[in-house]
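K.L.:
Using the sequences and the accompanying hints, generate a full structural model.
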Amino acid sequence: MSNQRQASSASQTPHLSPAELSYLYTSLSLPRAPIRPDGRSPTQFRPLSAESNILPGTNGSARIGFADGTQAIVGVKAEVERTNLATDTLASQSDVNDSEEHQGSAAVSGHGSWVQMSIEIPGFRDDDALPVFLSEMMRESLVGSVTEGSGKADAADAAEMAGGLKGRLVINKRWHWRLYIDVLLLSQPLSYPLPLLSLTTHLALLSTKLPKLKSQGEEDPFFDDDWAVAEYLYPRISSQKTKLPSQYVRPPVTLLVISVGENVIFDPNREEIAVADAVLAISLTRDSEAGSLKLLSIRTIDPPSRLTQPAVPNSENVNMLGAPAPTEDIAVLNPVTGEEEVPGVWRPRRGGIKRSVIANMVQTVLKKGGVGEDVLEGLEGVEVE
Amino acid sequence: MKSLRRDLPSNPQASNVASKVFVRSTKSGKVQKIVRELYLRQDIPCSSKLCSICPSIAPADANGNIAPFILSDRPAGTKAFPHGHYLVPDTNALLNGMDLFEHTGAFYDVIILQTVLEELRNLSLPLYNRLLALIKTDEKRFYLFFNEFRLETHVRRGPQESINDRNDRAVRAVATWYEEHLRASAKKGKKEKSIPALVVITDDKDNIKKAKAENVTALSLSDYVSGLEDSERLLDMISEAREARESRGTAGQLFYPEYLSMSKIMTGLRAGTLHQGVFNVSPYNYLEGSVKVPSFNKPLLILGRDNSNRAISGDVVVIEVLPQDQWKSPSSKIVDEEAVTRNDNPDSEETENVVSENERKALQEEVKKAHGKNSEGKPQPTAKVVGIIKRGWRQYVGHVDSNSTGSQAASGRRQQTVFVLAMDRKVPKIRLRTRQAGDLLGKRILVTIDSWDRDSRYPTGHFIRSLGELETKAAETEALLLEYDVQYKPFPKSVLDCLPSEGHDWKVPASKEDKGWKGRRDLRDLLICSIDPPGCQDIDDALHARPLSNGNFEVGVHIADVSHFVKPNNPMDFEASVRGTTVYLVDKRIDMLPSLLGTDLCSLKPYVERYAFSVIWEVTPNAEIVSSDFTKSVIRSREAFSYERAQKRIDDPSQTDELTESMRNLLRFSKILRQKRYDAGALNLASPEVRIEADSDEVGDPLTDVKTKAMLETNSLVEEFMLLANITVGSKIFESFSQTALLRRHATPPPQNFEDLINQLSKKRGMELDVSSSGALASSLDRCVDSQNPFFNTLVRILATRCMTSAEYFCAGAHAEPEFRHYGLASPIYTHFTSPIRRYADLIVHRQLASAIGYEGEDGHAVIEGVSTRSKLEDICQNINYRHRNAQFAGRASIEYYVGQALKARGEQMAEGGTDSGIDEEGYVMRVFENGVVVFVPRFGIEGTVRLEDFVLPGESNAWTVSERKELAAHRTTDFDIEEYKLRVEEKGHSEKERGVTVELFQKVKVNVSSVKEEGRGAGKRRVRILITG
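Which chain is which? The protein sequence lines are L and W, in order. Take the first sequence: its letter number 195 is residue 195 in UniProt numbering, and every next letter is one higher. Take the second sequence: its letter number 860 is residue 860 in UniProt numbering, and every next letter is one higher.
Everything labelled a hint here was simulated from the structure, so no lab data went into it. Everything numeric in this text was worked out from a predicted model, so none of it was measured. In this text, a Cβ means the ideal position worked out from N, Cα and C, and glycines have one as well. Each hint should be verified, as a subset may be incorrect.
The following label-pair restraints were derived from C-beta to C-beta distances [stated by the list, open to error]:
no., chain 1, residue 1, chain 2, residue 2, range
1, L, G378, W, K136, 57 to 63 Å
2, L, D38, W, V17, 55 to 61 Å
3, L, Y180, W, A776, 55 to 61 Å
4, L, G378, W, V17, 28 to 34 Å
5, L, K173, W, V17, 39 to 45 Å
6, W, K390, L, Y180, 31 to 37 Å
7, W, A680, L, Y180, 57 to 63 Å
8, W, P750, L, S113, 42 to 48 Å
Just so you have them, the derived chain W footprint on chain L, three or more residues with Cβ under 8 Å [as the list claims (entries may be wrong)]:
no., segment
9, 52-58
10, 213-224
11, 227-233
P.N.:
Structure (structure tokens):
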């Protein structure tokens, strides 16, 4: 039970001694050149294996496995549904013109509830806080990534994606697609599962296809029965076109970033999270309008380091009373947290993060050739067919 | 890390697993991606008798036998393929030339691919069924090759490859594989030379080109046929559809509006702006159709060719209601197609309009009528056809219109286009291209419709076969059976194999220990007799009655135990379920069951023991039913009476034996039952029926054979008890099988069906018809009596019957219980139990009843037989309803034909001694049109249209010939009073009272009936001409 509660805050905290925690923290907080336990550079991701279209019965699916053995699969199912607007019934009694407008706007721009996401994590009930929180966090960035007023976009593909995913789900005023995204974590959540689930979902959505529409306009939808002509939910980059990938709307990804001291570290493993000053989930997406990356959200996640047992400096240790206090054991001010710390003695982090660190994180993610682009390109490269 | 994905190259099992992915849209609007796995195998045999490999690998059944190989080791050769050949047709070849493949002169050793069969099923269900039948017969050597499951011939769809291209590739792949396979496996001793060629038949030019590149022999259907003997006749049988389209190209003018797209139709239907229904053409006016849709009480009118937009009677169409300013009244005119479009030229497309000038005139007249005042003339909602859901096209019997053959008809074998007039008046002319126009003239022929394009005024079809000379008995009978889709071929061997091996020597086992006696009651000592029409061989039912010691009576109805002989799900059962009913023609009976059963083993013949299924009641002397009991039994009928003989015996006071007494009791009970039924509101309906006794001698007046059905008391005796048995059994099986009981219902007709009749009666006779319930209708019909005109009441009953819906079989789960009502019989529940020899429904009911009473059958485990699933029963219901209706139509048509022939024979006899003056009879006016009337002649049970020229005005001779009379039409004027249902016919310019004839509805008229040679559509039928003589 306690194990679960811990996990629900961020992840299972590894059982490290305060001394180990302190050592790890010190290594990671080395100015500008953190030393990670597995020797990665701060922006380097762990190797992962990814494949898509693994479930033939779904509209799109993907699997990603991290090297630490955590694996997730995601299946996307699409269903046709009649657009039932509450305004319909209300408006029928009131002004007709009014209703037209209402209908128009809601039916054209789509609705967030058309995307349904469920996450299953072993050891958790589906109404536990972690799955609910994770699914809502991912769904929100999915349906929220709307570019308003992209009607001017001249490229056909861009027009197709006007209004983002929500807009793409609109078939006509009376019909729409409903997406069911089922996320399944296959292994115990060793580290915080969000990045894994987000990347897998992203990949699954990239491979998602919808049957080709044969009917036109406001007719009841009628589809081509050939799956081979089905169209991608997110249009793929075709080799013939010279368009840059940046011109395509892409599903968002959420990256997990931690800060340790002044350092920003991507794709932290379990141990690294355990000593992080702050854990942030950064959602970003490719925006068709701007042609660059767009930051969707930053959420702080309760760092598990808060729950660790503090170590006792020699000066306060009853057992060490009487022993001469070494000179190094003098409390210094941690430049990041502004707290007094004795080097080499572990103290739970109390949260708080400096603006400059956040700014640094965002910049590392969004800048051209930055981590965000890296990740998106990497995922784009996964063979879909 | 191991991949979860089953990639083809990485998976060692992948070589024989493939998957098929497609999108399925369900009716409820769901769209699903469907993935089917295919497990490819290598043991599907090639089925060629040449092959030495396949026999050893082909899968064997439980007994170790493999399916016999079909394809001959010495297939027929042609000039091009001297060593013989196997044919591999693609879907289009079958679509265009199914009749060729059925032809017995050629097309043997054909490999039908599973791909092709499935594609055909999607394109045309009737053709699919015909192909299946072909595959089943042994003599044509058609082999169904499951190419999609054989590893070597499975073809994966390439990227961006259309499904057609993929299927074509599959056909070529099979041809290639067969060729290699045969070469490798041909039995030793056969030289390579003698290996048959594989010939792909395809009409796709692209496919032929690709085949050439892949070294596969491919020919178009017509090229292949040209290389055969008798090619001219065969070429005619290729469907015209495709060729015609190509040759005409874009030059053609588009006559008809395009159909809406499927998605538009579905949207409209769901939204309720479009409606779906079956298109029906009026028998009096070929330009007027109607569609009954569920949303409205009355059918919607479809007027004119433009609006009917290439729909043919029987098609399931989608219609759109026209704006109100285009609403019209139904026509009050008789319009025949051949009269209006007589001069159309089948070859010329350039000058034709959809609505020819004459047709347009005819239509204008209708518009005038729209401004009438009473209900007959009130404009009614009209609609137009905007889409076709399902074509109801079938094979049509007809003959070549001699006017359309052109002058050089008989000369040469030039291909020309002719019109075929179908026997069914509701079907438009069919354009037919043939090289044998000369031979076909004067023949009954079978044709089929291939297509009806927007740029063609008439549908295009092709010739199938000739039935023989017009007006010969054989040709006309076959035509009739084909037209009503009656299965008349002899029973196949598989069916006959199901008969008891003893044949006619079969007997009820003597020993009661025998398993045949298990669960059967011994009723041999009861005085049972049967009463049937004279000469009846298939005796379904027998009766008995005897007093009981408590003063009550025991009454029993014993029905032939057909279900004992016809076990479920064997070929005989299947054949019977397809035939559905026995069809009675004047001189022929087409049995549902082989005659060994029908006329001997099942038939409750007198003096022999027979198995029966008995319903036994205990009734009080007042015919109150105390209890009822059902049992399988063994009976011995004492006597088989005809109605007349039974009547005589009952009436003869000197007969006092027990059997006669029991019949008298039965008669007494039947009268009480009958009265009770009428009190409950049962209807006494009438249909124009005559009986023909064909076995009378040749010399006399042929017309003496034609008799109206006499109704004796004994007729109703049998009828009452059969009704009682049916009702009793109906409630019993419904009790046991609340979902699957097979019942029969007669829906309450909607009151608006009677509107016209009510109007006519009140206007012409001041009579009222109360249609609020069947009882009210029955009593108001009783009041419709004209003392001057004894037949009037029957006439009204006939007309009332036509306003009703027809009774139908259904399965109990399909309707709510209150809907089970049988309107005509005023019974809350009803079924058919009493004629299992001639109706399949009764056979099912027998099985259900047997199961309901726990009868275990001979082997003790037949308890649930006959209780099929509901969906299967619903299919059966649909079929037997259809067969039942067709059997009635066929029977009537047969009588009509016979009457015509009898009149003709009489006419010829008369002609020898002088002139053919026809026969004078009484007739009654049933309907009045603007340019004619419909007259019913009770003596012959026929009704006929009387046109203007057929009115014999005072002072005219009635001995004129048809053509002479035809001329008259132009000189006649009419005065039609739509509100009074009155038509006055006069000669132009002579409006004096005494020179004209006035007829009105229900009027009794003197008519002269004769058989005349008809030109045009009715040719060969010898139209019965009715002249009104006063």
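K.L.:
Each hint needs a verdict: does it hold in this structure or not?
P.N.:
Cross-check of the supplied hints:
{"no.": "1", "hint": "G378/L <-> K136/W: 57 to 63 Å", "result": "holds, 59 Å"}
{"no.": "2", "hint": "D38/L <-> V17/W: 55 to 61 Å", "result": "violated, 40 Å"}
{"no.": "3", "hint": "Y180/L <-> A776/W: 55 to 61 Å", "result": "holds, 59 Å"}
{"no.": "4", "hint": "G378/L <-> V17/W: 28 to 34 Å", "result": "holds, 31 Å"}
{"no.": "5", "hint": "K173/L <-> V17/W: 39 to 45 Å", "result": "holds, 43 Å"}
{"no.": "6", "hint": "K390/W <-> Y180/L: 31 to 37 Å", "result": "holds, 35 Å"}
{"no.": "7", "hint": "A680/W <-> Y180/L: 57 to 63 Å", "result": "holds, 59 Å"}
{"no.": "8", "hint": "P750/W <-> S113/L: 42 to 48 Å", "result": "holds, 46 Å"}
{"no.": "9", "hint": "52-58", "result": "holds (count 5)"}
{"no.": "10", "hint": "213-224", "result": "holds (count 10)"}
{"no.": "11", "hint": "227-233", "result": "holds (count 3)"}
Of the hints listed earlier, the one the structure fails to meet is number 2.
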